[in-house]
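Asker: Sequence:
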Amino acid sequence: MNKQSLMRVYHKLVTHYGHQDWWPADTVFEVMLGAILTQNTNWSNVEKALNRLRQAHCLSASCIDKKPHAQLAELIRSSGYFNIKAKRLKAYCHWYLQSGELAALKKLTTQDLRQQLLGIHGVGPETADDILLYAFHRPVFVIDAYTRRLFSRLGWVSGEEPYEVLRLECQKRLGNDIALFNEYHALLVMHGKETCRPKPRCSQCVLTRLCDAAEL
DNA sequence: ACCCAGGGTCATA
DNA sequence: TATGACCATGGG
27 MNKQSLMRVY HKLVTHYGHQ DWWPADTVFE VMLGAILTQN TNWSNVEKAL NRLRQAHCLS
87 ASCIDKKPHA QLAELIRSSG YFNIKAKRLK AYCHWYLQSG ELAALKKLTT QDLRQQLLGI
147 HGVGPETADD ILLYAFHRPV FVIDAYTRRL FSRLGWVSGE EPYEVLRLEC QKRLGNDIAL
207 FNEYHALLVM HGKETCRPKP RCSQCVLTRL CDAAEL
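So the first sequence is numbered by our numbering: it starts at 27 and just counts up by one.
By construction, these hints were calculated from the structure, which means they are not laboratory data. Keep in mind that the hints are not guaranteed to be accurate.
Using 27 Å as the maximum straight-line C-alpha spacing, the simulated DSSO-like pairs for lysine-lysine come out as follows [stated by the list, open to error]:
hint, residue 1, residue 2
1, K219, K38
2, K113, K92
3, K74, K38
4, K133, K219
5, K93, K116
6, K92, K116
7, K93, K113
8, K116, K133
9, K198, K132
10, K29, K219
11, K74, K198
12, K74, K116
13, K198, K38
14, K116, K132
Computed Cβ-Cβ distance ranges for the label pairs, DEER-style [to be verified]:
hint, residue 1, residue 2, range
15, K29, H147, 33 to 43 Å
16, N202, R34, 12 to 22 Å
17, K198, P94, 16 to 26 Å
18, P94, N28, 31 to 41 Å
19, N28, Q124, 20 to 30 Å
20, H83, K113, 14 to 24 Å
21, R179, E100, 36 to 46 Å
22, K74, K29, 37 to 47 Å
23, E127, H42, 35 to 45 Å
24, D47, K198, 36 to 46 Å
25, H147, H42, 37 to 47 Å
26, G44, K113, 15 to 25 Å
Positions of the beta carbon are idealized from the N, C-alpha and C atoms, including for glycine.
Turn these sequences into a full structure, and let the hints steer you where they fit.
Answerer: Structure (C-alpha cells):
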C-alpha cells in the first residue's frame with residue numbers, strides 16, 4: 027500500500043460512481059444515530075428505523091434518553107439487533123447530553139473526542155470514526171469490512187491487521203484530507219455494496235474491472 | 001432456504 | 001490475546 031495506489035483506486039472509484047458527498051442524513055445528530063444503527067446492518071433497514079423515529083418525533087437526544095426501552099426498541103426494530111441498539115442509542119444520547127451536546131463537543135480535540143466516543147458502550151472504532159468524520163468533520167480514515175476486503179484483495183494488506191494499524195497506515199499516506207476521507211470511505215461502501223461478496227472474487231464485479239483497467 | 005449487511009461486547013481458554 | 005457466541009431484521 028502506498029499513496030499512489032491509494033489515489034489510483036480512489037480516482038477509479040470516483041470516475042465510476044461519482045461524488046458521494048456523505049453522510050446521507052438531514053442533521054448532524056442523525057449522522058450519529060445512523061452510525062450506531064447501521065452496525066452490521068443494511069442501510070435501507072436503518073432508514074426505516076430513522077423514519078419511524080422521525081414520525082414519533084424522537085430524533086432528539088433528550089427524547090431517546092427518556093423513551094422507555096421497549097418503545098425505543100420497537101421504533102428501531104427494522105434495523106436489527108433492536109434490543110442492543112436501543113441500549114446503545116440511549117448510552118450515546120446520555121453521554122451526548124451530559125457532555126454539553128454539539129457546542130461543547132466541538133471544542134474537544136480529535137484525540138479527546140475519539141477517546142470519549144470509544145468510552146461509550148456500544149461505540150467501537152468504526153462507529154466512533156464514522157461519527158468523527160461525518161458528524162464532526164475530523165480527519166480520520168474509517169476502516170470497515172469493505173475496506174479490509176478490497177485492500178487485501180489488492181494485495182496491499184493481509185486484512186488481519188488491527189483496526190488502528192490500518193487506519194494509521196492510510197492516514198499516514200493520505201495526509202489529513204477530510205474531504206478525501208469522506209469520499210473515499212463512501213466510495214468503498216458503494217463499491218462493496220454493489221459487488222464482491224466475501225467468499226468468491228466474482229469475475230463480473232466492478233473491482234475486477236477496475237483492477238484490470240488500472241493494472242493493479 | 002441460504003447468505004449477508006456501512007460492528008461490538010462478552011464469556012471462555 | 002484470541003477465538004466464538006450472540007445479537008435480529010429485511011433484501012437478494
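Asker: A range of 20 to 30 Å was offered for this pair. Does it hold for the Cβ distance of N28 and Q124?
Answerer: violated, 44 Å
Asker: Do the alpha carbons of K116 and K133 lie within 27 Å of each other, as the hint requires?
Answerer: holds, 23 Å
Asker: Take the C-beta atom of P94 and the C-beta atom of N28, compute their distance, and say whether it sits inside 31 to 41 Å.
Answerer: violated, 52 Å
Asker: Indicate whether the distance between the beta carbons of H147 and H42 respects the range 37 to 47 Å.
Answerer: holds, 38 Å
Asker: For the pair supplied as a hint, K219 and K38, confirm whether the alpha-carbon distance does not exceed 27 Å.
Answerer: Holds - the C-alpha atoms of K38 and K219 are around 16 Å apart, at most 27 Å.
Asker: CA of K198 to CA of K132, is that 27 Å or under?
Answerer: Judged against 27 Å, a Cα distance of about 24 Å means the pair holds.
Asker: Regarding the pair K133 and K219, is the alpha-carbon distance no greater than 27 Å?
Answerer: Roughly 35 Å between the alpha carbons, so the hint for K133 and K219 is violated.
Asker: Against the range 16 to 26 Å, how does the distance between the Cβ atoms of K198 and P94 compare: consistent or not?
Answerer: violated, 46 Å
Asker: Can you let me know if the beta-carbon spacing of G44 and K113 is within 15 to 25 Å?
Answerer: Once the Cβ atoms are compared, 37 Å apart, the range 15 to 25 Å for K113 and G44 is violated.
Asker: For a C-alpha distance cap of 27 Å, please report whether K113 and K92 respect it.
Answerer: Between K113 and K92 the Cα gap is close to 12 Å, so the pair holds against 27 Å.
Asker: Within a Cα-Cα threshold of 27 Å, do K198 and K38 meet the stated pairing?
Answerer: holds, 21 Å
Asker: Taking the beta carbons of N202 and R34, is their distance inside 12 to 22 Å?
Answerer: holds, 20 Å
The earlier numbered hints that this structure contradicts are 3, 4, 11, 17, 18, 19, 24 and 26.
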